[in-house]
Amino acid sequence: MNAISPLPEALDGRQWSIRKSPSGSGSIDTVARQMAVPLGTDAADRFVRNHEMAHGKITPKVSSGKQCIKFGVSMLALQCCEDLRVHHFLNAAGVECTGSLQGHDMTRCVESYLSHPRDLAALVISALHTQDFSRVLAALGERLEVSALNALMAGVRLVDERLESGRGIYRPIGFRNCTIPAAKVFDALFPESGPADSDEDKKVPLNRLGLERRQVNWGSMTITELSLSQTRRCPASSKIRTFTDEGAVMSAVYRLPVDGRIFSRSRAHKGGTVLIDLSGSMSLSLHDLDRIVIAAPAATVATYSGNRTSGTLHIVARKGRVANADGLRLARSSGSGNIVDGPALQWLAQQQAPRLWVSDGYVTGKYDRSSIDLGADAQIICNKAKIRRVEKAQAVADALKRGT
Amino acid sequence: MAKDTLPVWDLVRTVVQHSRTTLLYGPPGTGKSFAAHTADLGGRTLYSVTLTPDTPAAELRGHYVPVGNEFKWQDGPAIRAWREGGRLVINEIDHAGGDALSFLLNCLDSPETACLTLPTGEMVRPHHGFQAVSTMNGNPDQDLPAALRDRFPVCIETNEAHPAGIASLPQDLQAAAKGSVVASDPARRVTLRAWLAFAGLRDRIGPEAAAQAVFQARAKDVLDALRIAAAC
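Order-wise, the sequence lines are chains A and B.
Going from the first sequence to our numbering is simple: count from 1 and add 3.
Going from the second sequence to our numbering is simple: count from 1 and add 28.
Hints are computed from structural coordinates only; laboratory data are not their basis.
We put the CB at the ideal spot given by N, CA and C, even for glycine.
Hints are all accurate, no fakes.
Covered, in the sense of this in silico footprint (three residues per stretch, anywhere, with C-beta under 8 Å from a C-beta of chain B), are these stretches of chain A:
| # | stretch |
| --- | --- |
| 1 | 6-15 |
| 2 | 18-32 |
| 3 | 48-58 |
With these hints in hand, go ahead and build the complete structure from the sequences.
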């Protein structure tokens, strides 16, 4: 009677059969009322038992394969999102969520998934709201660049928010209301075909996010090019000349007695496009703008913000010429809300790479309202156009210098 | 279960009050003895014995006891039930040793042939109202001698916890008790008595300590299962 064993009978008052499985793995068949779980005494084994018990409580008695076909989601997405829902449930039930992977197991997992962003995202999502999450973050922090980690976490956050926004998250109906929409977001953000900018991904329609019946209410945006009256030291229209001692046409004979590098090769200045969110706490000073233009003289810099239902995108620097202080003041005065993140990102997606978006990541639509769908839409635009988000304008110059 | 079959405990309740001999078998702690004691007695007196391999026939039949300077015959529970037409509950009938077994073969025989001459010389036959309800944990076809098994044409497997026992538990323990009392794996089985003990202790010393006392190594799993089952 007192051997270690789960008590699934508490779920439905019926007989269950329990089979022992290796540590870290478990399964439950709610139709045949069978559980395969590790029967060890440690916290990880106990977590697996509770995890499977929670599946028994809130996961409907349906074939997951059929549900994948019915709702057009992948099995991986369905599984990791349902696991995430289970962890929400366990936390709500007051059951300790210790996670099932010890430090070295997590490290091994992360290392094996590093070249598979989709699997990595599934791992992070499955670890969310358990103590595994801090372990996976620690392992990722040592192996991923901050930008990559931030992008991954932004996607994971979106999936989690989508899941939480559904009704009945702790009940079987939550499978349809929460897990399926979250799985669609997962599939869109982390497509099976590989990196987000692959050709296949470009074909991913928005309706895979479950947005087909939802309106993505971005505000309307107008584009204004300020008077770019200030010139910085490197006009982008010129080119950098590099002198060499090899070449076809002697263009710098005067260097013959100096270093012999009488031939020259020209290359364009570094460019790129920077989009700056000027809403709320975000800001841009003339000094920041100078640093950006000096780092990448050919860069185009634009700011945006809005009020109520519309916003304005101001181009404040282009080809080495920048707006003056009055121009920047005008740009700042166009609104205090985001409103037009989506249209602004779509504009950015059409500009020259590298594309940087200076923002805190919080997006809103009309009347400054935020929603998961707006967030997902913005994330998809970023993924498709390889737009990199940075938190501070000061970090832009460094990013442009590196050409990322 | 098919719609035209009675729930097992309804069947037990209906049958026990009318059948002359009934055998109830199933996992321990499901409420077999409870049902044998509480099913409508119809005005009968209840006698109850629990057998061990060493229980002598004399304990069932009766024996002489010293009263003053002489010995006086005193009927055992079986003979008293015979005489009065009472209900004799025989717990753990599969534990009966050779001595008690021989007596039971006679005691539980059909009314036409059941007849016993006591050491006093008196011949006793069972009253027409006599009933015997026996209980055991094993499988009667395997664990009882064929002759004894034949004395129980009405033989019911109680593979569910008794609803009255379940109803006496707090609401949050009822489902867990109902399923675990009859768990197919004996190592995972939790008897109704254990659940009642847990419910009683929980109110006094708190769930953690009560679970540790009753379920020991399984305490955390039990508490987690109850939290999960009760959530939302």
